[in-house]
Amino acid sequence: MRKRVLRVNGRDHEVSASGDTPLLWVLREELGLTGTKFGCGIGQCGACTVHLDGQPVPSCLVPVEQTRGREITTIEGLAGERLHPLQAAWIELQVPQCGYCQSGQLMAAAALLREHPDPSDEDIDAAMSRVLCRCGTYQRVRAAIHRAARTTGGRGGGA
Amino acid sequence: MRLPADPGRRRFLKTTLAGGGLTLAFCLPLGGCGKDGGDGGQATATAPFRPNAWLQIAPDGTTTVFLAEAEMGQGVYTSIPMLVAEELDADWRRIRLQRAPLAPEYGAQRTGGSTSVRDGWQTLRHAGATARAMLVAAAAQAWGIPAAQCRTESGFVIDTGGGRRLGYGELAAMAARQPVPQDVALKSPAEFRLLGKPVTRTDLDAKVRGSAVFGIDVQLPGLLVASVARCPHFGGRVQSFDAEAAAQIPGVVSVHEISTGVAVVADGYTAALKGRDALRIQWDFDPAAGVDSEDIDAALHAATGGTADREEARRGDPETALEQAPRRLQAEYRLPFQAHATLEPMNCTVRISDGLCEVWAPTQAPTDAHREVEALLLGPLDKLVRKVGRKLSIDLPSDVRIHTTLLGGGFGRRLKQDFVVEAVEIALAAERPVKLIWSREDDLQHDFYRPATRHRLQAGLDDAGRPLAWRHRIAGPSRGLCVGGARRIPYDVANLLVDYRNVDTPVPVHYWRSVAHAHNGFVIESFIDELAVAAGADPFEYRRALMKDQPRLRRVLELAAEKAGWSGERPAGRHLGIAAHSSYGSHVAQVAEVSVQDGRVRVHRVTCAIDCGQVINPDTVRAQMEGSVVFGLSAALKDEITLEQSRVRQSNFHDYRLLRFDEAPEVETWIVDSDAHPEGVGEPGVPPIAAAVANAIYAATGVRIRSLPVTTDALRTPA
Ligand code: FES
Ligand code: FES
Numbered sequence: 001m002r003k004r005v006l007r008v009n010g011r012d013h014e015v016s017a018s019g020d021t022p023l024l025w026v027l028r029e030e031l032g033l034t035g036t037k038f039g040c041g042i043g044q045c046g047a048c049t050v051h052l053d054g055q056p057v058p059s060c061l062v063p064v065e066q067t068r069g070r071e072i073t074t075i076e077g078l079a080g081e082r083l084h085p086l087q088a089a090w091i092e093l094q095v096p097q098c099g100y101c102q103s104g105q106l107m108a109a110a111a112l113l114r115e116h117p118d119p120s121d122e123d124i125d126a127a128m129s130r131v132l133c134r135c136g137t138y139q140r141v142r143a144a145i146h147r148a149a150r151t152t153g154g155r156g157g158g159a
Numbered sequence: 001m002r003l004p005a006d007p008g009r010r011r012f013l014k015t016t017l018a019g020g021g022l023t024l025a026f027c028l029p030l031g032g033c034g035k036d037g038g039d040g041g042q043a044t045a046t047a048p049f050r051p052n053a054w055l056q057i058a059p060d061g062t063t064t065v066f067l068a069e070a071e072m073g074q075g076v077y078t079s080i081p082m083l084v085a086e087e088l089d090a091d092w093r094r095i096r097l098q099r100a101p102l103a104p105e106y107g108a109q110r111t112g113g114s115t116s117v118r119d120g121w122q123t124l125r126h127a128g129a130t131a132r133a134m135l136v137a138a139a140a141q142a143w144g145i146p147a148a149q150c151r152t153e154s155g156f157v158i159d160t161g162g163g164r165r166l167g168y169g170e171l172a173a174m175a176a177r178q179p180v181p182q183d184v185a186l187k188s189p190a191e192f193r194l195l196g197k198p199v200t201r202t203d204l205d206a207k208v209r210g211s212a213v214f215g216i217d218v219q220l221p222g223l224l225v226a227s228v229a230r231c232p233h234f235g236g237r238v239q240s241f242d243a244e245a246a247a248q249i250p251g252v253v254s255v256h257e258i259s260t261g262v263a264v265v266a267d268g269y270t271a272a273l274k275g276r277d278a279l280r281i282q283w284d285f286d287p288a289a290g291v292d293s294e295d296i297d298a299a300l301h302a303a304t305g306g307t308a309d310r311e312e313a314r315r316g317d318p319e320t321a322l323e324q325a326p327r328r329l330q331a332e333y334r335l336p337f338q339a340h341a342t343l344e345p346m347n348c349t350v351r352i353s354d355g356l357c358e359v360w361a362p363t364q365a366p367t368d369a370h371r372e373v374e375a376l377l378l379g380p381l382d383k384l385v386r387k388v389g390r391k392l393s394i395d396l397p398s399d400v401r402i403h404t405t406l407l408g409g410g411f412g413r414r415l416k417q418d419f420v421v422e423a424v425e426i427a428l429a430a431e432r433p434v435k436l437i438w439s440r441e442d443d444l445q446h447d448f449y450r451p452a453t454r455h456r457l458q459a460g461l462d463d464a465g466r467p468l469a470w471r472h473r474i475a476g477p478s479r480g481l482c483v484g485g486a487r488r489i490p491y492d493v494a495n496l497l498v499d500y501r502n503v504d505t506p507v508p509v510h511y512w513r514s515v516a517h518a519h520n521g522f523v524i525e526s527f528i529d530e531l532a533v534a535a536g537a538d539p540f541e542y543r544r545a546l547m548k549d550q551p552r553l554r555r556v557l558e559l560a561a562e563k564a565g566w567s568g569e570r571p572a573g574r575h576l577g578i579a580a581h582s583s584y585g586s587h588v589a590q591v592a593e594v595s596v597q598d599g600r601v602r603v604h605r606v607t608c609a610i611d612c613g614q615v616i617n618p619d620t621v622r623a624q625m626e627g628s629v630v631f632g633l634s635a636a637l638k639d640e641i642t643l644e645q646s647r648v649r650q651s652n653f654h655d656y657r658l659l660r661f662d663e664a665p666e667v668e669t670w671i672v673d674s675d676a677h678p679e680g681v682g683e684p685g686v687p688p689i690a691a692a693v694a695n696a697i698y699a700a701t702g703v704r705i706r707s708l709p710v711t712t713d714a715l716r717t718p719a
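If you read the sequences in order, they're chains A and B.
Under the numbering used here, the first residue of the first sequence is numbered 1, with each subsequent residue one higher.
Under the numbering used here, the first residue of the second sequence is numbered 1, with each subsequent residue one higher.
Only chain A is shown next, with the shape it has when bound in the complex (with noise of 0.2 angstroms):
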């Protein structure tokens, strides 16, 4: 089988799968990478998001042949020595409960912060009401966002 590059959070990957088959299942059952979570297959719950060339997308939705030569990021690459500002006040405010939903929640909220370092609760709305939470943890979301904005001094965070 044709084999095709992958680049994933900064490194090339080698993989196999066929073209059409969904980012999403790449990366969990070739590359390992299980941080990106399944929740629907169908664009509605966001569990799925990645970063592709910085814009946040549902994997689940994206074949693996449209990515060539564009930059994936997941959430195992959004820390880098040190937590993401995010992450950082995800742990200080608490925000997961389960947990399955925070690694999409996370991937929306970064590339949120890229575009608007400080956002409003208007832009915060439109960013994350892609990504689903059954335990509800919005609100936490929410002041997370509002919190690692502060810690950067409205300058985004990385990633």
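Calculated from the structure, these hints are not laboratory results.
By construction, the Cβ of each residue, glycine as well, lies at the ideal position given by its N, Cα and C atoms.
Be aware that one or more of the hints could be misleading.
Cβ-to-Cβ under 10 angstroms is the rule here; a few derived chain A residues that face chain B [stated by the list, open to error]: (1) Gly-32; (2) Ala-88; (3) Cys-133; (4) Thr-152.
Fit chain B with the ligands to the given chain A structure using the hints.
Leaving out everything else, chain B with the ligands in the frame of chain A:
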């Protein structure tokens, strides 16, 4: 259950029986039942101190707490170790967690009903206190001083006379040789250092890095992925399918008929789904047997009249009191089927080799998973041997091992082990390690739903508007899932009758967060609001005056009303509704601030007051209130599960919508300070919320919501 008679299963049984000598069940209760205090007695200088099943202290001071609960977001991986660490006076930073094996000393492992802390309150603190006493005894011996001269703090025993200190790790070996004390005193609440203080959850680092392992994340060498096609109509079965066509799909490894449908095993999830699509299954289902939601609704409606199957509660003479009351009110309420929709879909990983069946599952009840897998694997002879063994209190060695992973939500769904049994069936048939993954469609269409119910409420009022009589008929598909929380109402009514009438439906039903309290909290708290309106009274004052015998519930009612500014000013277009309900030992009141515009309900703010007795981790209590409100609002405002031809119409989050970020209210939680026995927090936040919102909608529009979820149409029809 039909079992495929395949070589995999036979091989398993052979080895099971070959290695199946009888072993005496051994007992290792707290404090130890043996002469030497359990395995702690064998400790050497390098061995850890293991005074009981719940904890172990290594020579380097690391303290491991063994957990028998499932972590599904409710914070037990933090609150349970807190109980142990408090009495042990452990250094919280040196606490490590380990899942307890399925062993008799841990009892049945089944997490549900908001019981973890309630049940563990004595046992786990006692476990910590016993270990502490033995560490103190060891230090006293080492120093040649009386134990009373020692105190403990953060993992050290300290000589109050000379200020000498010894770490728990250094003392571990000596402590293990101390006799296990029979009676240890537990701290009084005033002495708590950890309990009641906010503690950072232990599972957060992994959860923000994406490294936390949920069931769906389990990886094994050579692992295949399975997807199962089940009959979309309840009660149907497989008639025929095209295994060849599925096998042609690249990546598909094998196809198996199992008891619940047809399983396609492939090298990945995508190929498994494609294979499943190619199966062209003919289902054996008689359309004449199909049931629609409308049929169920009509049957439930009919069952709100006629003779009851069972009287649940009776007080005074409700019939006469109702008949003679100067004013009478009657209303019918309706609640639909609801799905759990845990964000992590059902999944389970199984590896069977060398007579060992290993299961990795995000389950709330590993004990039940174990039992059901065993029942599947064992033949009739094994079952007989095991039954006799149980009678003689002899336990057979188990060749089934359940590994409980983190759970991506539970809400009662994972108390059912159907997905575990399915995965074991597939692994047996495929003779390869297999991870079964349900799609979201599978999850929503093959759940064990919260039952649909209808309720007829009747009340008689005296001239002052006070209730003289209360009648509540519950009609539903399962008594055990429908009557909880209805028998005792918190209001002072001399004459009361609560009864139940059953209506059978083909829909599988089971526990759903807060079970029948979700129904009855809504119904009772809506109807009492109707009575208040009929009496011309303020809904808060009306309730309060009738809560004479409910000081704790009354207290949270007052607290929620006060903090929400019940009698104060608020922005134009904002309206308040209040509701209160006791469940799982706790008392919760909520005030919802709502606006209604163009037939759309917006919940802006929910003020929540809870008395759950002694608080373990206040932040967890708050988180559970916030989560319960969102969970309850999805059911109250979004979608329901409906049927057509015994087939669930909804299939994914586009038509079974959950509350989204921009729709979520701000939740503010006030916790009553209490040193009463700790009670549940995972569920009690759910029951009042729908009524609080519905009552606010009434305040805003004059429309009384008697059917959930709230629809735009309902908002246009004045009561
Ligand atoms: S799994 Fe991709 S949006 Fe739900
Ligand atoms: S934390 Fe459980 S789904 Fe969001």
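- Broken hints, numbered, in rising order? The structure breaks only hint 4.
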